[in-house]
Amino acid sequence: MDAVEEAGSGHPGTAMSLAPAAYLLFQRFLKQDPTDPNWAGRDRFVLSCGHSSLTLYIQLYLSGYPLTLDDLKSLRKWGSLTPGHPEYGHTAGVETTTGPLGQGIANAVGMAMAARRERGLFDPDAAPGTSPFDHTVWAICSDGDIEEGISHEASSLAGHQRLGNLVVLYDDNHISIEDDTAIALSEDVRARYEAYGWDVHHVDWTENGDYEENVGALAAALDAARAETSRPSFIALRTIIGWPAPNKKNTGKIHGSAIGADEVAATKKILGLDPTETFIVPEDVLAHSREVLDRGRAAHAAWDKAFQAWRTAHPERAAEYDRIAARDLPAGWTEALPEFEAGTSVATRAASGKVLGALAPVLPELWGGSADLAESNNTTMAGEPSFIPEEFQTKEFPGGPYGRTLHFGVREHAMGAICNGIALHGGTRPYGGTFLIFSDYMRPAVRLAALMKLPVTYVWTHDSIGLGEDGPTHQPVEQLWSLRAIPGLDVVRPADANETAVAWRTVLTHTDRPAGLALTRQKLPVFERGGTLASAEGVAKGGYVLADASTGRPEVILIATGSEVEIALAARETLEADGTPTRVVSMPCVEWFEAQDDAYRQEVLPPAVRARVSVEAGIALGWRAFVGDVGESVSLEHFGASADYKTLFEQFGITPERVVAAARSSLIKAGRAGKGSTTGN
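Per this note's numbering, residue 380 is the first one in the sequence shown, and the count goes up by one each step.
Don't read these hints as lab results, they were simulated from the structure. Heads up, none of these hints are tricks.
Listed next, the in silico PhoX-like pairs over lysine-lysine satisfying Cα-Cα at most 20 Å (straight line): (1) Lys902 / Lys733; (2) Lys452 / Lys647; (3) Lys647 / Lys627; (4) Lys902 / Lys1025; (5) Lys647 / Lys632; (6) Lys627 / Lys648; (7) Lys684 / Lys410.
Sequences are here, hints too, so could you generate the full structure?
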């Protein structure tokens, strides 16, 4: 209460009523070492209801993490370690950034999957509960979390995967911002989780007609949940939000705002506290709470002993573990990357699949799958087993609990957040695939991956109207620039198979941000490199001179991405034949290009060459920054249609002829009329 009053805003109610549950969890169940928040053997804790950040911050303080009472006094203030919602990488002990509801549940599912995969990589034969890689993922969620669609997706998959290392505590308080949840929620949540295949428990602190914080009953449920290793556990804890505030408990008013000095004083009197004192933590209380430090250090020491025994018994696995934990890549790994023969035709989605298959033996940490689109996305590493309980393996996808190929089902949003959880857990590195158009379904999770700087890779195929007959519902038009607008996300659209290989190589060298590969359904020519066309190595810089002007001094520059690079090259031939020196720049990744120094960017796009054309089969939104005030954009400013891709490109004017006309128009506006005629835009 004091922290929210000091801040002038915040969410006191849930933190008040969950305090006994959170304290119990941190003191008696969570395997942790507050002196080493990143200890590899720790349990993971996710506060999915991030608005109740004080639920976490107060336990971190009481448990001896690097948070002080002054940090609690600085809740939601500039520069504090206690922002309004927990932020990963900002506050020690915070395992993920939560705030958008439901994301944390899906993150926890991903962490539980990552823990199982890690055990399978390094200690698959150990008896249950005996491996240093065995730990529990705990999460607390709210009514809002279980209402959000992503929680349905993630919880369904968790039940299917039999994630016995996952426990979710549901704060069933019946209150949200719009007061009583009866206005929008009437389902039987426990029955829903039973239907998912979870182990479901119920603890009701109101069952006796009065309110009794029966910590013993909750401890028994938590203990039973931890002991259940064949399925995830869900504990519905009936609480009264804001207990024991006399006037505002059990109301929406206490959910998300300061409750006022009078109500704070009245509540403190009920608790037997001095209402004139604020932020008081008696020394004996703090000393008792901090005893968890000794228990944590003892648990850590016991784990270290088991871990060292494992290392001694498995030196090769230990060396691989050290490399993967550090996110280092093995020596010579790039030698496994395929090279594609010039003159052939390969869809970039197919090239991506070949890259994944080639990397499988040398990068065991890399694993993933797609949202029911394995064949379309080419995300299945050839010959690799599926990550699935044995009873659910199929003829098409054999596997077991320690497999490698992920099957997210038609759950794009959960896929994104689960991949975040896998990356947050540490060690292994995930990728997830779907059509580029459905990046919209997973966008909140993608944004959070960028916010947290997680090395997650998205395989987004069917990247333009080039997917053809499926029509405008499946043809991305605005998605590329919409995704490029997310700070910290690399959007990579390679022009041919060899650009795709270099794109994957570059993405995997980055450990501090997510990347999305936008890949074609249709086949593209594999360019002949080394003569007129430059090496695909330029992909690593985001944009490079693919074909220079015949004179070395271009009068016009064509900037293209993906499948449209081929169109730009054809336009260059026409322009050069007409006597207009023309440069083609392949720009697979705007973000990588903008990260280069000024000298390189000016070398590729000389400021003196004002006549420019961008070529991309989507909206032109951000290309103005590259083509300048007299440049032109060959783009698609409307939805697509259902037809074969060649017809669509022709009908919508994504053609070499249109690019030539745009180049001539730009030359005229730049005061360099050039040769030939123009039909304008």
